[in-house]
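Peer 1: Sequence:
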Amino acid sequence: MSQPGSLPHDQSPADASASFADADVAAFVAQQRWFAAKSGASNGAGTTVLGTLPGHPDYVLAESRLDTVDGRQSYFLPLSSGGTAADPSHRVAGGAVDGARDGALVAAFVALLTETRDLPLDGGAALRVEVSEAAKDLAAAAREIAPEHIRPISGEQSNTSILVGPVAILKLYRRLRDGIQPELEVTRFLTERTQFRAAPALLGSAVLRRGDGTEAAVAALFERVENRGDAWAVVLDELVLELHGETPANRFDAGPVLGRRTGEMHAGLATRTGDPAFEPEPIDAARLDGFVAGARHETEEALAVLERVRPNLAEADRADVDRLIDAKARIGAFFDSFRDMKVASFATRIHGDYHLGQVLVSAAGDVTILDFEGEPGASLEERRAKFSALRDVAGMLRSFDYAAFAALDRIGGEEAVRFRAAATDWRDRTSAAFLEAWQAASGIDLADEANGRLLDLFTLQKALYELRYEAAMRPAWLSIPLRGITALLEKRQVLA
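Residue numbers (the working numbering): 31 to 526.
What the hints contain is simulated information worked out from the structure, not anything from laboratory work.
Virtual Cβ for every residue (Gly too), placed ideally from N, Cα, C.
There may be inaccurate statements among the hints.
To be verified - Think about it this way: if two alpha-carbon atoms lie no more than 25 Å apart in a straight line, the pair counts; the simulated SDA-like pairs of lysine to any residue are:
1) Lys-358 to Arg-326
2) Lys-521 to Arg-450
3) Lys-416 to Thr-329
4) Lys-416 to Arg-369
5) Lys-358 to Val-524
6) Lys-358 to Met-371
7) Lys-521 to Ala-363
8) Lys-416 to Ala-228
9) Lys-166 to Asn-257
10) Lys-521 to Leu-476
11) Lys-416 to His-327
12) Lys-358 to Thr-516
13) Lys-166 to Arg-254
14) Lys-358 to Ala-323
15) Lys-372 to Leu-476
16) Lys-416 to Ala-477
17) Lys-372 to Asp-486
18) Lys-358 to Glu-520
19) Lys-521 to Arg-369
20) Lys-358 to Ala-480
21) Lys-521 to Asp-478
Unchecked claim - Listed next, with one range per pair, are the computed distances between beta-carbon atoms:
22) Gly-101 to Arg-158: 23 to 33 Å
23) His-274 to Arg-360: 33 to 43 Å
24) Ala-53 to Ala-480: 50 to 60 Å
25) Asp-267 to Ala-477: 33 to 43 Å
26) Gly-482 to Asp-97: 43 to 53 Å
Make the full structure from the sequences, and use the hints.
Peer 2: Written out as structure tokens, the structure is:
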């Protein structure tokens, strides 16, 4: 590719890539929060201009490829070649600006997502746009939002989300992953095939279909839901007040509300429509073996981490670590006990990365569930796999545990010691209310021994994952999952 230079307004898309130097584009991508390869060097391997938005020759859609220590990665870049950027970090290359920062480009892209079509691109590629019939009125309203009412949401990690007035949120999937994006698949199913309405409606989506037959999601337009914050922030703020003896205004009744909506979500995802991607399937011996194998692997990884970090831990934590290490064989026997267990509940599509931060709380105290992409570190195939809904339940139970101790951490000092019993009591009461409401809404009975044991299996696996994360990223919090692991194994009489 040639050296950078601004893109003339009369330049064809086929020639546009000559205006962007690979090194400049790669440098821009590597500096973004949504860049996936956070460690090791990366080198630009090519930037392809896919085409321009209809009627807007200044608005270029590009794919940037980078070679990283994790292999080749591709990223989606909407570029405003005629725009300006007050912040130098928004400039990409050759005078082009990150299109997510250009309200006019975003408005044009939103308009594109409000009509089902195939937009031809260069090289035999196309952009497949699909609009949800159930949300056409909202999509039409989003189309009318003026550029000055469009702004990016700060703090994004793996994607870029942009507020489109009070109507919608445009989500750009920055990293292009070949295959079906589970968030598009799941939210379209919930919007069009079920009665579940506690998730933002999918208004429209765009999928890049390359000339070689591969495809990758690039964008989705979702209903914007008014809220007073995510459940993690709301719960934490209110819990700190309650521990100090104050009653929060407009208190969020987290346990029963989250339990009911989570159960309704799982009931919706278990709806039988004949769609093989969503049809519930039995949890047979092979699938159960896979569940147990995942937990067993997580245990081996976590115990290895504990042996490595043990010398740096507080004395009380070292005692719990020693108990776990000494119980390795008994933990293995616990996993063996799942062999041949009969499970009456089914494997379905699930949320896959469920916790308080994935839920918005309304002013009226209801909730909306977000981000159906699944576990960020998993492949698209793994995220689309059917699983037990109890895995999501385990994730929320662990989130309640974290909220209790995060509240104590915020309070700090002697007060935190004094409030610890009250915080754990809140956790236990909230968890019990959540489970009661979830069972009623989902139709899955936790009094059934197999379901109860599966919930413990997934809760243990989640806490072991958290332990590895805390050991690497936040050692001061390692005691939170460590206490959860020991308590669960004591309950199951694996630890004395």
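Peer 1: Each hint: holds or not?
Peer 2: How the hints compare with the structure:
1. Lys-358 to Arg-326: The given pair, whose Cα atoms are some 11 Å apart, holds under the 25 Å limit.
2. Lys-521 to Arg-450: OK: Lys-521 and Arg-450 at ~21 Å, within 25 Å.
3. Lys-416 to Thr-329: holds (22 Å)
4. Lys-416 to Arg-369: holds (20 Å)
5. Lys-358 to Val-524: Holds, at roughly 10 Å.
6. Lys-358 to Met-371: Within the cut-off at roughly 22 Å; holds.
7. Lys-521 to Ala-363: With a Cα-Cα distance of about 15 Å, the restraint between Lys-521 and Ala-363 holds, given a limit of 25 Å.
8. Lys-416 to Ala-228: Holds: Lys-416 and Ala-228 sit about 21 Å apart, inside 25 Å.
9. Lys-166 to Asn-257: holds (23 Å)
10. Lys-521 to Leu-476: The given pair, whose Cα atoms are some 16 Å apart, holds under the 25 Å limit.
11. Lys-416 to His-327: Judged against 25 Å, a Cα distance of about 19 Å means the pair holds.
12. Lys-358 to Thr-516: Judged against 25 Å, a Cα distance of about 12 Å means the pair holds.
13. Lys-166 to Arg-254: holds (14 Å)
14. Lys-358 to Ala-323: holds (15 Å)
15. Lys-372 to Leu-476: Satisfied, since the Cα-Cα distance of roughly 14 Å is no more than 25 Å.
16. Lys-416 to Ala-477: holds (23 Å)
17. Lys-372 to Asp-486: Status holds; Cα separation ~16 Å.
18. Lys-358 to Glu-520: OK: Lys-358 and Glu-520 at ~14 Å, within 25 Å.
19. Lys-521 to Arg-369: holds (20 Å)
20. Lys-358 to Ala-480: holds (23 Å)
21. Lys-521 to Asp-478: Holds, at about 17 Å.
22. Gly-101 to Arg-158: 23 to 33 Å: holds (26 Å)
23. His-274 to Arg-360: 33 to 43 Å: holds (41 Å)
24. Ala-53 to Ala-480: 50 to 60 Å: holds (57 Å)
25. Asp-267 to Ala-477: 33 to 43 Å: Distance hint for Asp-267, Ala-477 holds at roughly 34 Å.
26. Gly-482 to Asp-97: 43 to 53 Å: holds (48 Å)
In the structure shown, no violation is registered for any of the earlier numbered hints.
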